[in-house]
Structure formats: structure tokens, C-alpha cells
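Trainee: As a plain string of letters, each chain reads:
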Amino acid sequence: MIEIEGITKRYGAATVVNNVSLVVQPRTVTVIVGTSGSGKTTLMRMINRLVEPTSGIIKLDGEDNRSLPGYELRRRIGYAIQGHGLFPHRTVAQNIAVVPELLGWDKAKIDARVSELLSLFQLDPDTFGPRYPHELSGGQQQRIGVARALAAEPNVLLMDEPFGALDPVIRSKAQEDLLAIQKRFGTTIILVTHDMEEAIHLGHKIAVMDGGNLLQYATPAEILANPATDFVATLVGTGDRPFRFLSLSPAGDAVEPGTAEGEAIPASATQRDALAELLWSGRPALPVVNEAGKSIGRVTVDGLVKRASRPAA
Amino acid sequence: MRLDKLGVVIALIAGYAVGVAPFATFRANRIVAGVPQTLLASLPSWAGPTLLAIIAVAVVIGLFRTPPTLRLAASFATLAALFLLIGTAADHLTPPANTYARVSPASGFWLLLFAFALLAADSLTRLRLTPLLRILVLILAAGFIGFVLLSGSWDKLSILKEYSARADSFWAEASKHVTLALGSLVAAVVIGIPLGILCHRMQKLRDIVLNVLNIVQTIPSIALFGILIAPLGWIAANVPGAAEIGIKGIGMAPAFVALFLYSLLPVVANTVVGLAGVPVQANDAARGVGMTERQRLFKVEFPLAFPVILTGVRIVLVQNIGLATIAALIGGGGFGVFVFQGIGQTAMDLVLLGAVPTVLLAFAAAIILDAAVELSSPFHSGASA
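Heads up: the sequence lines are chains A and B, in that order.
If you want our numbering, it's the 1-based position in the first sequence plus 431.
If you want our numbering, it's the 1-based position in the second sequence plus 171.
For the record, the hints were derived by calculation from the structure and aren't laboratory data.
Among the hints, erroneous ones may be present.
[Stated by the list, open to error] Have a look at the derived ranges for each label pair, beta carbon to beta carbon: (1) ILE362(B) <-> ASP537(A): 35 to 43 Å; (2) ARG465(B) <-> GLY617(A): 32 to 40 Å; (3) THR389(B) <-> GLU584(A): 41 to 49 Å; (4) ASP542(A) <-> ARG465(B): 24 to 32 Å; (5) ASP542(A) <-> GLU415(B): 29 to 37 Å; (6) VAL451(B) <-> PRO688(A): 55 to 63 Å; (7) ILE416(B) <-> GLU584(A): 30 to 38 Å; (8) THR301(B) <-> GLU694(A): 55 to 63 Å; (9) ILE362(B) <-> GLU584(A): 42 to 50 Å; (10) VAL451(B) <-> PHE616(A): 25 to 33 Å; (11) ARG562(A) <-> ILE362(B): 36 to 44 Å.
[Said to hold, decoys possible] As a list, the in silico DSSO-like pairs of lysine-lysine whose alpha-carbon atoms are at most 27 Å apart: (12) LYS470(B) <-> LYS538(A); (13) LYS470(B) <-> LYS540(A); (14) LYS614(A) <-> LYS636(A).
The C-beta atom is built at its ideal place from N, Cα and C for all residues, glycine as well.
With the rest of the complex left out, here is chain A:
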């Protein structure tokens, strides 16, 4: 659990983060969204004390984060940044091994961990371990950046626009990988982005920031249904709102009894994907199949449209 209590950061007369309080539940993904200059990155960097707050307290699992020297604190917290921040003079394996080395792990344990992580990110350890970062593609560099952040098995992972430099196709793959890894290790992730779409897709909870203030801290569904301010509503995008809302739930939740003709959609696909398929193919209903490929009913245009409307407050 991460408790942020009344955190303020001032640079001279400018207040970058203004009295922000929020609690991040363990094993969840929290996304901090905002435009540039909103203070979102500064807020995140105060958690691992890359930035020291002017006032306020941040507690990790009940312990003040100032009870350790900053560098020791940071070794316990994963950190991944936009454009990966890999050390260009070190090989992939050496990059991943940075934190375990700082922590003084023995070599065999480090080697085993590096191989494990490379395999986890679908990169062959013998092929990629000895390469230098500039020999990798952007997507591979990004994966190594996350692998490095996870190397010492941190409970908390901070990510600053980790997918910002990726093209859309690689980005959605990277997002899926991140969700899978989060589920597997139960890591508490705090991710900073300016992309509301990404926030809704990844976050269990979303913190919206503007001008140093925390405007709203709620689940994606709540933010979509009841934006706290006009700014939040603008960020959500009124035109995309119903579709984003549908994207939060799987098609399986909208199944109605009955049958339909044509190609089926898996129950795990989002309701937005289901509606898009219906609209595009001009059909009134789609069959839905479960993981075993067995039909479990159908989704209809009418049913999905009802679900896309604003929930009663």
C-alpha cells in the first residue's frame, strides 16, 4: 500500500504539486493522467524520492519513505521511463543486472534472474543477453527497460510514460504484456501517462491531475460516468465516452440468450470490439463463444447500445 498524504512540491514561487493525498491499494495498477506540466511526473518521482517533497508524507506499507537513504529506497522500487533509459555502454544482460548487482546478489543468482526475465519478455537470453541496446528495436528496448525495473522483484513499479516512444501496434502489445506481468507477480504499479485511452485500458484506478492539483481519483468507470470537473470530462473526450465505457467490460458480460449467424466473437473481447464488429458487418447480433470455442449466446446492437449509455448516478 502506498499512502500519499498532503504532498506539496514548490520550486521557488511555482507550486508543481499542490497538497495531493491518495492511497494506492497493493497489487493494483494506478494511472496518473494529466497534460504536460500537470505535476504528474513530479508526484510519481516523489514516491522514490528522485524529487524531495516540500511538505507532506509518503508511506510505503506504513513506513515513511524517508526512513531509508534515497538510493536504498530506489533499489527496492522498480523504475521504468520513456525511451527506456538503458545504459548504452552495457549489454542487455548487464542492464538488467544493474539493481541486483547494486544489492549485492551473487553472480549465479543474477544470471538466473536475467535469463528468467528475458524469457518472460519473449527474448532469447543467449541471443539478446550479449547485445548492446542500440542493436535492438524500439519495442525490444522498451521490454528490456521494464525487465530491468523488475529485476530485483520489487513490490512497487513506477513507470513514467513507458510506452510513449512506441508505435501503436507495439504499444498495445506492450500494454498487454504489462497487464499479464502485473497479474503474475502482483506488483503494485504506478504509471504516468498523458493518454486517457491508455489510462482507462490499464488502470484499476485513475488519478487525474491538472496544474498540480489532483482533480479526481476513481475507477475508470466512475471517471467516465461522473467526471469531477469539466477538465476531466474534456480529457475523457465526450465523443469517445460511450465507446470507452464499453471497452471496460468483456463481451461475455453482455451475453443474451439466443443464437446469431456468422463469425463468432470470443467472450474475452471487449464490448467495444463487439459493437464495432456489429456496426462494421451490419449485423444485428453476433454469436459469442467461450474459451473452449463453445457458443454461450449472442450480443446484440440494442443490448450494447443500452450498456453504452450513462449509468444512473
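Given chain A, work out where chain B should sit, using these hints.
Mentor: Below, chain B alone, put in the same frame as chain A:
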């Protein structure tokens, strides 16, 4: 076949060197004006046409677009022939039992040397040799020159006659020269790199230090020696023990200090530039993963800046080897002693005895350090983000 541009230039130079310029100069003694001799007149009857033929073949190979290995072989063969036959010229031109006569290479020889060294350098560049192979070529070339020297075939050349008259002092001055050039470099590195790191961290200090060093760099070397005489003389007279370790207003001490001051700017400036070139993200990541300030400096900043710093060291070393020649003016020793003695006696051969080793040393230092710079950066293209 198409013509090679550089080959045309080399052909023109070689043509002039063979057809117009004298190959060797004969003088009745070491300071009278010389009598220029053509290539054919300088060499024994078998050697002249042989050398001409070798030059002709090499010029043709250079003139057209031929494979770099062939061009390299042709240039090395010609250079080897020039080196071996210039010794023969000395034998051929010196009358028997005459120990006063002097035979030295003349403009034609030097032009040929220049032209085919150019062809060799160009072929080596085109071959894109790895750093270690380049050093190997350097060692082989040095070995060949050493072999020719030891074989005695150059002994009748005027420059070696000058050498044999001064063999002891030559090696003493050589060691002084190297001590001056390397010692001041080591001092500049020991002081300059930490100073560069401080300058990188403190904007104010950087402005002051770089400005002062820039001004020092513009002071002519002789003026700097003059400026140093007074303070060093004062130190020698007033600081106990200073005179005993060799500090005085003239001699090695001011030369050393001057070279050190000239060396500081490239070392400090390259350290600052190298550190400034470290990617912001690598620095942020270094702090983010929990490196202490010291770890960040030694594990990330310094290794990434190292190739740039080494480039500064290369500049300094080559510059110092040349500049150390001037040290002779204030009694600092070094190869400059022969250069200035030679000028004083109008004995060009003596000037060459000082100048040629200086040039060769600087050349070798440049090749070795270039290779070291390349070896120190296996991550050439850096981060793509």
C-alpha cells in the same frame, strides 16, 4: 577503366619528383651548398631503372580504380624500395674514403615519399581496418624502419652521420622529449579530469575555468616560457626544496609547466563535453535504479564520456610531442636541441635529426590513440531514443 582522383594527384607529384626535382644532394662537407643529383645519377646503374620501373607500376595502379589491397601493396613496395635505395645513393655518390662529404635525400625523394605515403594512407582508409590491425601495420612499418637502420644501409646518409656524431646525446634528448610530452600529459590528465568533472557539476566554475584555459591556449609558447621564468625563479629561490627537485626559471621546469597548461584545455573541455553528452535518460535511470552519486559517476557518466575524454588525450599527446620541440629554446632539452643547433649551424641534416623523430613519434601516437578511442566505444551509435 576509370581514373582515380587521388591517383591523378599522386601521378602528377611522382612525375614532377622523378622528372624535375633532384633525388639526392651531394655536398663536399656538411655546411656548404649542395649539388642536386637526378634520380638516375644518384643511384648505381642497376638501381635507377629498377626504382623507376617500380614507381611507374605503382603510379599506374594508383591512377586507375584498383582494389585497395593492390594499391596498398604497390604503395608499400614503392616506399620500401625508396627506403632501401636512398642508402645505396649515399654509397654511390660518396667518393671512396671521403668522410667529409655529405649525401642527403633531396626534394624529389621527399615528394615521392609523400606521394606514396598518401596512397598507402588512402588504401588503409578504404580497407577499413580494425583498430588492432592498424596498430599491427604500424608495428610492421616501425619494424621495417628499425631493420633498415640496424642493417647499416643508411649509415652513409648525412642524417645518420649527424646521429653517429651525437649518439649519446640523441638518446638523452629523446628521453627528455618523451618525459616532457608524456609527463605533462599525465599531469594534465590527473588534474584535468577531476577539474572537468567539477566544471560539469558547477556551471559557474565551468565558465571561469574554460575562459582562463582558453586565454592560456592563445599565449604563444615562447611568451609563456617568458612569463613562467619569473614565478618559477621566485619559487626556486624562496621555497625550500624546490630548487633541489629541479624547479628553476629556465630548463625543464618551465617547459613542463607550459606544456601542462596547454594540455589542460583539451582535457578539461573534452571531459565537460563528454559528460554533457551522456544521455539525460541514462542519468535519470541511473538515479532511478538506486545508484549513489559516486556509482553514477563511475558506472554511467564516466564510461559514456570516456571515448570523448580519450579524444582529448589524443589531441594533447600529439600536440605535446610537437610543442616539446620548443622546450630546447629555454634549455628544457628534447629533440628541439638538434633542430635549433641545426638552424644555428645552417646544417639541415641536424635539423632533420631533431624533426624526423618528432614527426614519427607524433604520427605513431595519433594512430595508437585513434585505435584506442575506437576500441573504447563498442556502443558506436548510442541510444536510438
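Trainee: Compare the structure with each hint and give your call.
Mentor: We went through each hint and held it up to the structure:
| no. | hint | in the structure |
| --- | --- | --- |
| 1 | ILE362(B) <-> ASP537(A): 35 to 43 Å | 39 Å, holds |
| 2 | ARG465(B) <-> GLY617(A): 32 to 40 Å | 34 Å, holds |
| 3 | THR389(B) <-> GLU584(A): 41 to 49 Å | 58 Å, violated |
| 4 | ASP542(A) <-> ARG465(B): 24 to 32 Å | 26 Å, holds |
| 5 | ASP542(A) <-> GLU415(B): 29 to 37 Å | 57 Å, violated |
| 6 | VAL451(B) <-> PRO688(A): 55 to 63 Å | 58 Å, holds |
| 7 | ILE416(B) <-> GLU584(A): 30 to 38 Å | 58 Å, violated |
| 8 | THR301(B) <-> GLU694(A): 55 to 63 Å | 58 Å, holds |
| 9 | ILE362(B) <-> GLU584(A): 42 to 50 Å | 44 Å, holds |
| 10 | VAL451(B) <-> PHE616(A): 25 to 33 Å | 29 Å, holds |
| 11 | ARG562(A) <-> ILE362(B): 36 to 44 Å | 38 Å, holds |
| 12 | LYS470(B) <-> LYS538(A) | 18 Å, holds |
| 13 | LYS470(B) <-> LYS540(A) | 21 Å, holds |
| 14 | LYS614(A) <-> LYS636(A) | 15 Å, holds |
In terms of the numbered hints stated before, the structure departs from hints 3, 5, 7, listed from lowest to highest.
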